[in-house]
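J.: These are the residues of each chain, in order.
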Amino acid sequence: MSRGETETGILIRRALGPSGPELGCDECFERLDEYVEYGLAGAPMDEIVPGMRAHLEGCPACREEHESLMSFLLAS
Amino acid sequence: MPASSDVRGKKALDADSRRWLESLRSGHPNRDQAIARLHEMLLRAAHHEVGRRRLSLAHLPDDELDEIATQSADDALVSLLAKLDQYRGKSRFTTWAYKFALLEAAVKVRRLMWRNRETPVEPEHWLVIQDESSGPDGRAERSELLDVLREAITNTLTPHQREVLVALALNGVPIDVLAERNGTTRGALYKTLHDARQKLRSELAARGLTPEAREDGETR
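Just so you know, the sequences run in chain order A and B.
Counting along the first sequence from 1, when you hit position 16 you're at 16 in our numbering, and nothing is skipped either side.
When you read off a place in the second sequence, starting at 1, and then add 76, the result is the number in our numbering.
These aren't lab readings, by the way, just hints derived from the structure by calculation.
Positions of the beta carbon are idealized from the N, C-alpha and C atoms, including for glycine.
Among the hints, a few may not be true.
What the hints assert, rightly or not - Short derived list, chain A residues pointing at chain B, Cβ under 10 angstroms:
id: 1; residue: 6
id: 2; residue: 12
id: 3; residue: 16
id: 4; residue: 18
id: 5; residue: 19
id: 6; residue: 24
id: 7; residue: 27
id: 8; residue: 32
id: 9; residue: 36
id: 10; residue: 61
id: 11; residue: 64
id: 12; residue: 71
id: 13; residue: 73
Said to hold, decoys possible - Beta-carbon label-pair distances, calculated as ranges:
id: 14; chain 1: A; residue 1: 46; chain 2: B; residue 2: 271; range: 21 to 31 angstroms
id: 15; chain 1: A; residue 1: 10; chain 2: B; residue 2: 94; range: 43 to 53 angstroms
id: 16; chain 1: B; residue 1: 131; chain 2: A; residue 2: 10; range: 18 to 28 angstroms
id: 17; chain 1: B; residue 1: 143; chain 2: A; residue 2: 42; range: 30 to 40 angstroms
id: 18; chain 1: B; residue 1: 157; chain 2: A; residue 2: 76; range: 20 to 30 angstroms
id: 19; chain 1: A; residue 1: 10; chain 2: B; residue 2: 101; range: 46 to 56 angstroms
id: 20; chain 1: A; residue 1: 47; chain 2: B; residue 2: 139; range: 45 to 55 angstroms
id: 21; chain 1: B; residue 1: 103; chain 2: A; residue 2: 10; range: 50 to 60 angstroms
Stated by the list, open to error - Far from chain A by the CB rule (all over 12 angstroms, computed), these chain B residues:
id: 22; residue: 95
id: 23; residue: 100
id: 24; residue: 102
id: 25; residue: 136
id: 26; residue: 151
id: 27; residue: 157
id: 28; residue: 257
Just chain A, same shape as in the assembly (with noise of 0.2 angstroms):
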């Protein structure tokens, strides 16, 4: 929840999803590997994989396996 967010922002958020093109949870899941290592890399992962950001907004199950990746690679 962002600072400030209400709760009727949330639910429009979440109710609307984003509002670019976006991956599905297939691709999500086929591409998360690569968009991390660029992610963490400091490469334009959202360049290489166009779309991901906006599913990960889209979808909290391939977002919390996305900051799961993350911390792993992270605490490694």
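Using the hints, position chain B against chain A.
T.: Only chain B this time, still in chain A's reference frame:
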């Protein structure tokens, strides 16, 4: 970090990843040792994921958490070996492998957390929510937006789209939990959710409402 990559998406397979691939191929003399080593790595990743969610699972004894991690590593290993030919070297082999264990652990934990919970599919909360934002102009605009959204959810979406949208987007049911209960796949459910969201956006656009999330999450 990727050992052998530039920043534009082109990578060469690094030596360690190549060794992993070779040693896991059928017929390799050290395949069993490679599989055992891989399982250890997957188990470490699964424990990491279970540990991240420990607070939500505080009611479970340690041995049950260990069992979840072990089962996740086992399932990840089977899944990964079946998909070995799909590894394209876009990341290190170990990064590619870890995601299987993290996914398995995450799915098992989410299902466990929802084990005794109903799947809410009715938009009760959504229907009664009042906009609490400050400022009369913004409040009036959001109020109109909410009204149109409520109407579109009720009248424009198909029953299946409405059920999926309400469960996943409004009531926070994890997508893999709903997929398991409905006997479908995560990908199919997200496609339904995506189509429902597009319909709602079209309805708003038809009324001249074009909400875009600002950084603070409000709409305009």
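J.: Hints first: check each against the structure and report whether it holds.
T.: Going through the hints against the structure:
With its C-beta approaching chain B no nearer than about 5 angstroms, residue 6 of chain A sits inside the 10 angstroms limit, and its interface hint holds. Among the interface hints, the one on residue 12 of chain A holds; its C-beta lies about 6 angstroms from the nearest C-beta in chain B, closer than the 10 angstroms criterion. Contact between residue 16 of chain A and chain B, as hinted, is supported at the beta carbon level, the nearest pair being about 6 angstroms apart and thus within 10 angstroms. Restraint check, residue 18 of chain A versus chain B: the minimum CB separation of about 8 angstroms is within 10 angstroms; hint holds.
Of the supplied interface hints, the one on residue 19 of chain A holds, with its beta-carbon coming within about 6 angstroms of a beta-carbon of chain B, less than 10 angstroms. With a least beta-carbon distance of about 5 angstroms to chain B, the hint placing residue 24 of chain A at the interface is held under the 10 angstroms criterion. Interface restraint check: residue 27 of chain A against chain B, minimum CB-CB distance 9 angstroms, threshold 10 angstroms, status holds. Hint on residue 32 of chain A holds. Least Cβ distance to chain B is approximately 5 angstroms, under the 10 angstroms limit.
The interface hint given for residue 36 of chain A is met, as the beta carbon of that residue sits about 7 angstroms from the closest beta carbon of chain B, less than 10 angstroms. The closest approach between the C-beta of residue 61 of chain A and any C-beta of chain B is roughly 5 angstroms, which is under the 10 angstroms cut-off, so the hint is satisfied. Annotation: interface hint on residue 64 of chain A holds; nearest CB of chain B at approximately 6 angstroms, less than 10 angstroms. Among the interface hints, the one on residue 71 of chain A holds; its C-beta lies about 7 angstroms from the nearest C-beta in chain B, closer than the 10 angstroms criterion.
About 7 angstroms separates the beta-carbon of residue 73 of chain A from the nearest beta-carbon of chain B, less than 10 angstroms, and the hint is met. Distance hint check for residue 46 of chain A and residue 271 of chain B: the Cβ-Cβ separation is about 24 angstroms, which falls inside the suggested range of 21 to 31 angstroms. At about 46 angstroms, the CB distance of residue 10 of chain A to residue 94 of chain B agrees with the hint of 43 to 53 angstroms. For residue 131 of chain B and residue 10 of chain A, the Cβ-Cβ distance of about 22 angstroms falls inside the hinted range of 18 to 28 angstroms, so the restraint holds.
Checked against the hint of 30 to 40 angstroms, the pair residue 143 of chain B and residue 42 of chain A passes, with Cβ atoms roughly 39 angstroms apart. Residue 157 of chain B and residue 76 of chain A have their C-beta atoms about 22 angstroms apart, which keeps the hinted 20 to 30 angstroms range intact. At about 49 angstroms, the beta-carbon gap between residue 10 of chain A and residue 101 of chain B stays in the expected band of 46 to 56 angstroms. For residue 47 of chain A and residue 139 of chain B, the Cβ-Cβ distance of about 46 angstroms falls inside the hinted range of 45 to 55 angstroms, so the restraint holds.
The supplied range of 50 to 60 angstroms is met by residue 103 of chain B and residue 10 of chain A, whose beta-carbon atoms lie about 54 angstroms from each other. Listed as outside the interface, residue 95 of chain B is consistent with that label: its C-beta sits roughly 18 angstroms from the nearest C-beta of chain A, beyond the 12 angstroms cut-off. Remark: the non-interface label on residue 100 of chain B is consistent with the geometry, its nearest Cβ contact in chain A lying 16 angstroms away (cut-off 12 angstroms). Every C-beta of chain A lies more than 12 angstroms from that of residue 102 of chain B, the closest at about 23 angstroms, which supports listing it as non-interface.
With a minimum CB-CB distance of about 19 angstroms to chain A, residue 136 of chain B clears the 12 angstroms threshold, and the non-interface call stands. At roughly 14 angstroms, the least C-beta separation between residue 151 of chain B and chain A is larger than 12 angstroms, which holds for a residue marked as non-interface. With a least beta-carbon separation of about 16 angstroms from chain A, residue 157 of chain B lies farther than 12 angstroms from that chain, consistent with its non-interface assignment. No Cβ of chain A approaches the Cβ of residue 257 of chain B within 12 angstroms, the least distance being about 14 angstroms, so the stated non-interface status holds.
In summary, the structure agrees with every hint in the numbered list given earlier.
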